[in-house]
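There are 2 protein chains.
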Amino acid sequence: MTNDPLVIFTPSGKRGNFPIGTPILTAARQLGVDLDSVCGGRGICSKCQITPSYGEFAKHGVTVQPDALSDWNAVEQRYQDKRGLLDGRRLGCQAAVQGDVVIDVPPESQVHRQVVRKAVDARPMAMDPAIRQVVVDVAEPDMHEPTGDLERLIAALADQWQITDIHAPISVLRGLQPALRKGKWQVTVTLHKGHNATHHTLINVAPGYDDSTPYGLAIDLGSTTIAAHLTDLRDGSVAASSGIMNPQIRFGEDLMSRVSYAMMNPGGDQEMTKSVRAALNTLSIEIAEQIDISPDQILEAVFVCNPVMHHLLMGIDPVELGQAPFALATSNSLSIEARDLDLTALNPAAQVYILPCIAGHVGADAAAVALSEQPGQSDDLVLIVDVGTNAEILLGDKTRVLACSSPTGPAFEGAQISSGQRAAPGAIERVEIDPVTKEPRFRVIGSDIWSDEPGFDAAIAVSGITGICGSGIIEAVAEMRIAGLLDPSGLIGSAEATGTPRNIPEGRTYSYVLHDGTADGGPLITVTQGDIRAIQLAKSALYAGARLLMDEMGVDKVDRVVLAGAFGAHISPKHAMVLGMIPDAPLNQVFSAGNAAGTGARIALCSVAARAQIETMVHEITKVETAIEPKFQEHFVNANAIPHATDTFPELSAIVTLPQVNFNTGGGDNAGGRRRRRRG
Amino acid sequence: MTNDPLVIFTPSGKRGNFPIGTPILTAARQLGVDLDSVCGGRGICSKCQITPSYGEFAKHGVTVQPDALSDWNAVEQRYQDKRGLLDGRRLGCQAAVQGDVVIDVPPESQVHRQVVRKAVDARPMAMDPAIRQVVVDVAEPDMHEPTGDLERLIAALADQWQITDIHAPISVLRGLQPALRKGKWQVTVTLHKGHNATHHTLINVAPGYDDSTPYGLAIDLGSTTIAAHLTDLRDGSVAASSGIMNPQIRFGEDLMSRVSYAMMNPGGDQEMTKSVRAALNTLSIEIAEQIDISPDQILEAVFVCNPVMHHLLMGIDPVELGQAPFALATSNSLSIEARDLDLTALNPAAQVYILPCIAGHVGADAAAVALSEQPGQSDDLVLIVDVGTNAEILLGDKTRVLACSSPTGPAFEGAQISSGQRAAPGAIERVEIDPVTKEPRFRVIGSDIWSDEPGFDAAIAVSGITGICGSGIIEAVAEMRIAGLLDPSGLIGSAEATGTPRNIPEGRTYSYVLHDGTADGGPLITVTQGDIRAIQLAKSALYAGARLLMDEMGVDKVDRVVLAGAFGAHISPKHAMVLGMIPDAPLNQVFSAGNAAGTGARIALCSVAARAQIETMVHEITKVETAIEPKFQEHFVNANAIPHATDTFPELSAIVTLPQVNFNTGGGDNAGGRRRRRRG
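For the record, the sequence lines run as chains Z and U.
Just so you know, we're using the working numbering here: the first sequence kicks off at 140 and counts up by one.
Just so you know, we're using the working numbering here: the second sequence kicks off at 140 and counts up by one.
If we strip away everything but chain Z, and leave its shape as in the complex, we get (with noise of 0.2 Å):
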């Protein structure tokens, strides 16, 4: 037994004895309580603030009197008066022990807190983080003992922080020396140590205590667009997100024709590579600007993208990725730097995660979408569907997950579309079409206001209307077979087959106009033949996809269905079962999850517990190859119409009636149900 007094820390439930005097953040280390400090009890970073609660606690079987920490002192008064703390919080660095005590430690003094944000669309991250950062003091100089300055600030981490095995990069010990004199040899390190390293890469040196933020980049590197969400890597929020189309579009439409690229053309691959990596670089620097700060403040990368993808942003020939086996190069997670990635704009030493693949056609993508929704855990059966270029598709629930990758092609992004553009202020995003009149209404990114509502013209006075994103292709095709201007073989009909002066002839086919602004010097927005059939192509090869893995898992029906992807949050569960994207399910259990793969890349990026967990998840994941598979071209071919026989979608009449008319004339354009789909 011991007098000394005892010291509970809540939530955790830790306990222990301690000396009168010792402070209350010493003994939460001894116990090993979460409780943050980067200033090591310096009482400069305050990030170690308690709450001590008094009183009796008959749960605890403690009494704590108002004494029981030694008085508030200058440090926290001048904390006080410089910034504030909260009423009744303490710094736990200066509170010291002198009777038995309660200590909470509130969720913002864990380092492993779990941070709610407000956003909807922002996930509430569990912070696990490979960035770490502490301040030291390191010993000067003595020409008597000569030893580095880095021998010596290694020494200071093992003995204030047993912070051991410490990797320095030539580039920070270019900045060591200054630093830690402009600091009179008090510096703030942070550290980066990944889950599978033996070691920390000592990532920057700043001379004092250093409150900088340090960040993090998720990226969702698509085929058609690529998408970077820059992060506070204290707390998990996002800071900026911004988008650009990936430039090797012009090698190449579609996963495949790239490939051929790279088969073609003797250094084609590094061409893309290299176009690759110059738009990353752009997107940091342009990310980085948005909130004012250094892209050198840019610390960390985390990676999402398919196998291709993958392959071309390490610079790695595509070309066994577009003929059977299907071989990855590599398939295992990787923790490089990001200078091998010539990614110069970040911080020369930042540090890159790419999530592992799971098959040589199921990247990263789909595996960054696996750990958002954790199709594992799920009680029901979950069908998600995370829309781009290339889609992922996952099914499964706690007992089996499938999942296996289908080449859509970039329709659903808007490419391939005649007034077709990314989702930016001025797309057409909404589209409703009057079954009777067939005139249409629509919305533009930018604006929550209707064509056809007072107020709409100021509204997207500055943006103007310059196309058609992909959510609002997949409602303006959907709209036009409700109001019986497309038949399910995906015909237009003309003026006179419909009824409306807008289904204009094109050629030999017809146009459904959705928006006249040439009066205005503006766009002619038109649906055309070749969009529907584009349409009729990515959707078809989505829903084979998901009808393979049905098959695989032995069922015809799924309990619910998420759709994903940069603009999965986006597309209109209704348009899409109209459209025969996604097999039948109840309309109410058709969720949209936004950027799972992006989502996916934020969580890594926040947690090295999830990088582990996602590593052990893609072996447990069966994968499907859908271009060895004689049923997918099956699926594939009878998947063409829009909507498939109403028995196989019994949901859907529930909700739309559906017209039975037949504009195929047996002249005019047929061919989308005969016309071969591309696919290496």
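If you are wondering where the hints come from, they were derived from the structure by calculation, not from laboratory data.
A few of these clues could be false.
[Unchecked claim] Derived EDC-like pairs: lysine to aspartate or glutamate, alpha-carbon spacing no greater than 16 Å straight-line: (1) Z:K186 / Z:D350; (2) Z:K762 / U:D281; (3) U:K762 / Z:E284; (4) Z:K762 / U:E284.
Assemble chain U onto chain Z, guided by the hints.
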């Protein structure tokens, strides 16, 4: 008790019982016998050659029957036909145990062999390299079990060689898939594992069984010259040697003027870094060309250099080395990648090891000298002087080793000398002056014939006579002193005073004409008063450093002197002593060690154990800082004369009589003794 046959290996003496049919290589591996194999028993590399012994071995208690091993087989016959096997040799992977047997492992079949070379300069190297090559058969990809090619290679290394923890740089990943397919899933893998590393780094993957030699570069990066030895990493032999001038000379001839350059010119350090790295690439390409290999075959480089060169190589501003307390950015050894130093000429995955520094003024070059000369293992007190622009001086024996460096300046390397040049064909390297006639004779690099011997003109027809190198100027100055052309203060006498027309006026001082080639359009090679002063400064610094260590050690004389340096092998001990470069010692105890720093670099290149050894050793060496030691100045000033008072040089009087001359008439130059020495 087992009935299995007994297998005894010599010279290790390891023994064990193995079932009939066990290949000798397998038995060796299980016993931990050092028997090489690259192909892992596939009968293609022939590294595992062994010699069975037959008959009675009383010592071992066995009798070996003629049929103790399996019959000579087709694989051995194929190798015999193709390349030949020495009489009595078998391939260890083919010959299998049939009965008790004694197996000798010849030196060339041992991995950790000590290879003895014939050339005097080529020290035998204890081989324990970081580089290792193995052949593996990799499983082909299977669509139904999708893993990356790298993951299957890693599995094969673990399975077939028990090698785990593989790190694959992107540069190697890039070539992995083509190599595996070209080699039909058999590849030769080159791995690197440093003594401190927790992982093996994949350096190269070549198709099939690849027999090409792995090379390393041992580089002595001096202030004035850069010397490199291209070394065969299988046996440690030097395949080619080369040297170039350090292009940093244009920023300052000695270390402190380069530090000044960095201090005075923003970005000046980076300028110097760039120039030395470019020179290293040029040197690497040039040395590879010498033996007609691709520089891509150079897989590792080991550097030794002084601290300022060390920092400039690493791209670290050396400013702290220019002022007390002379703090190094890092003092420990460095294991980095060649690309960290922009050494793009080498293999993209090449590794670099830089020896540890001893102190701010005592660098990795001094550490290399210690590794090569092992003063700490000497029974007698040895003074080791590595002569260069910065001299590294070590003094010690088994009880204690001291080290310092001394800024001698570049005079000993032929720089700052009016007719000076680096050691190359055409340079005067040996000089004799007749004490009576005052006429000189000399030898130039590239010929063994003295200038007054028949055939001299023919011998030097190609190179001509171009200047004086370091060893030449030392001999010239010493011979001038012996011949009475110089007085003890270093002043050159006039023609009248010395009685030779070769002493010609030059301004207010005199020069000695060593060679007048002007009649044939050649150079006039003289030793000027300025040259004498430069040599006096250099040798005083050297001597003062040595004396300082002797003071610290509490001795007045040393038992043995080792002269080292890039031109250490060429310095005549007698002339060095006449000049007063080194403290008095029995002349037969003054040795030339050649380029000890370069040898130290080669030792470290060939052996990771040696790297571990020097890393321990540097912590046991006592560093003496010349720059702040008042006694250094005192010794320096006292050492200016040529030579010092005879009572400090009793040994010298036994070999030469120095004339009692005094040319100081009050006019002329006599500033040598008073001129302030430059020093940072």
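A quick look at each hint next to the structure:
no., hint, result
1, Z:K186 / Z:D350, "holds, 11 Å"
2, Z:K762 / U:D281, "holds, 12 Å"
3, U:K762 / Z:E284, "holds, 8 Å"
4, Z:K762 / U:E284, "holds, 8 Å"
Against the hints set out earlier in the document, no violation occurs for any number.
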